[in-house]
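Model the full structure from these sequences, guided by the hints.
2 protein chains.
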Amino acid sequence: MIISAKIEAFVMHCGEMGSRWGFNRTIGQMYGLLVISEEALTANELSEQLKISRGNVSMGIKELQSWRLIQVQHKPGDRKEYYRPAGSIWEMANRIFEERRKREIDPTLSLLRDNLLNAPANNEEIYAQDKMHEIHDLLETITFFAGELQGMSPEKLTTLMKLGSGIGKVLDMKDKFLKSGT
Amino acid sequence: MIISAKIEAFVMHCGEMGSRWGFNRTIGQMYGLLVISEEALTANELSEQLKISRGNVSMGIKELQSWRLIQVQHKPGDRKEYYRPAGSIWEMANRIFEERRKREIDPTLSLLRDNLLNAPANNEEIYAQDKMHEIHDLLETITFFAGELQGMSPEKLTTLMKLGSGIGKVLDMKDKFLKSGT
DNA sequence: TTAAAGTTTCAGAAATTACTGAAACTTTAA
DNA sequence: TTAAAGTTTCAGTAATTTCTGAAACTTTAA
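One line per chain: the protein sequences are A and B, in this order.
The numbering of the first sequence is this note's numbering, which starts it at 1 and goes up by one.
The numbering of the second sequence is this note's numbering, which starts it at 1001 and goes up by one.
No wet-lab data here; the hints were simulated from the structure.
Quick reminder that beta carbons are idealized off the backbone N, C-alpha and C, glycines included.
Fair warning: there could be bad hints in the mix.
Claimed, not checked - Covered stretches of chain B, going by a simulated chain A footprint (3 or more residues, C-beta under 8 angstroms):
(1) 1032 to 1041
(2) 1095 to 1107
(3) 1154 to 1162
Unchecked claim - Think about it this way: if two alpha-carbon atoms lie no more than 20 angstroms apart in a straight line, the pair counts; the simulated EDC-like pairs of lysine to aspartate or glutamate are:
(4) B:LYS1162 / A:GLU98
(5) A:LYS51 / A:GLU39
(6) B:LYS1162 / B:GLU1048
(7) B:LYS1006 / B:GLU1048
(8) A:LYS102 / B:GLU1048
(9) B:LYS1131 / A:GLU16
In structure tokens, the structure reads:
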């Protein structure tokens, strides 16, 4: 298998963006290639195709599995492990969001919670705790909202995301009709 | 000025999270310290407090300014530049989201758009373009939605984010009452 | 002007992160 | 059992990123 220039451009771009998305270059390339390949690929194919050492591919696979972004597939009469993306593009986005939340928000929330348990000892600490409280509440609200979105069906979520300025209108409606309920 | 252990713990945590949030350790520390300090700080104070070289602080300030996260302040009869966080915690979150969108999503959207302009040359490319199309649409929907949220007032946004399962109900309502409108 | 107070730049050093490849390990089937 | 096919681990190396500190620059006021 030899990939076309266009596909290669996409794969290389995934590599460059990799670190910004939370993994490193080679892992980004591996995932990019798997996503746009119709056929599942073996670790050796990934290694040859991307010119990455076999060991590195193995580590990358482990990482992608820990993100739950790829899954193993077996072919009858073939001992090799074949890898393909786990789930739809939609699920992919969901997983990436969730993993990143775990890495980027949860640790901070937990530090802030701990810190807010202790009474402030002086004026500086009063101000500091105040700010920490604000940040804590904001992160908690975001986390809650994100969880809510993740729980919705893709269809409903798409409807919501495409509402545009309708969101505001719908919110007003909610005030009108549901003030006592929900 | 000497900071308390609790405050230091927060600042150091910001440093550790820094790279996950899109900047590096020292920049994370600098921003953390500025956020929880009631008083604006000079570059020298940041340098001493965090034991970071003066040059590094200067580069960090430039970076934080490019994210529009801090602003300069002057005191009468004092030539030094004092720095403080720009805007509320709320605005801070907004800016970080927006900057990250620029760095993490926009380049990919633009690559995908370019790629989708060319007709596929063979079966692999048909499949690949299909996937790229899916990704493109998803990223565009997310970007649109994010922009919509950023345009809302903090109050309205808070209401929305705290709606919980009410979001689904409100969406159903929209179908009921606005089918022809909006 | 000039010197003092302050800021920025950037080449090189230090620290961190990613990658290789050979050796160790595991699984399967003959 | 054992050897072949395949996977994983990890010590050492390479690449990248971050940081320092001294020199260059800018601004202000005497």
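Okay, the hints, checked on the actual structure:
no.: 1; hint: 1032 to 1041; verdict: holds (count 4)
no.: 2; hint: 1095 to 1107; verdict: holds (count 3)
no.: 3; hint: 1154 to 1162; verdict: holds (count 6)
no.: 4; hint: B:LYS1162 / A:GLU98; verdict: holds, 19 angstroms
no.: 5; hint: A:LYS51 / A:GLU39; verdict: holds, 19 angstroms
no.: 6; hint: B:LYS1162 / B:GLU1048; verdict: violated, 41 angstroms
no.: 7; hint: B:LYS1006 / B:GLU1048; verdict: holds, 18 angstroms
no.: 8; hint: A:LYS102 / B:GLU1048; verdict: violated, 33 angstroms
no.: 9; hint: B:LYS1131 / A:GLU16; verdict: holds, 19 angstroms
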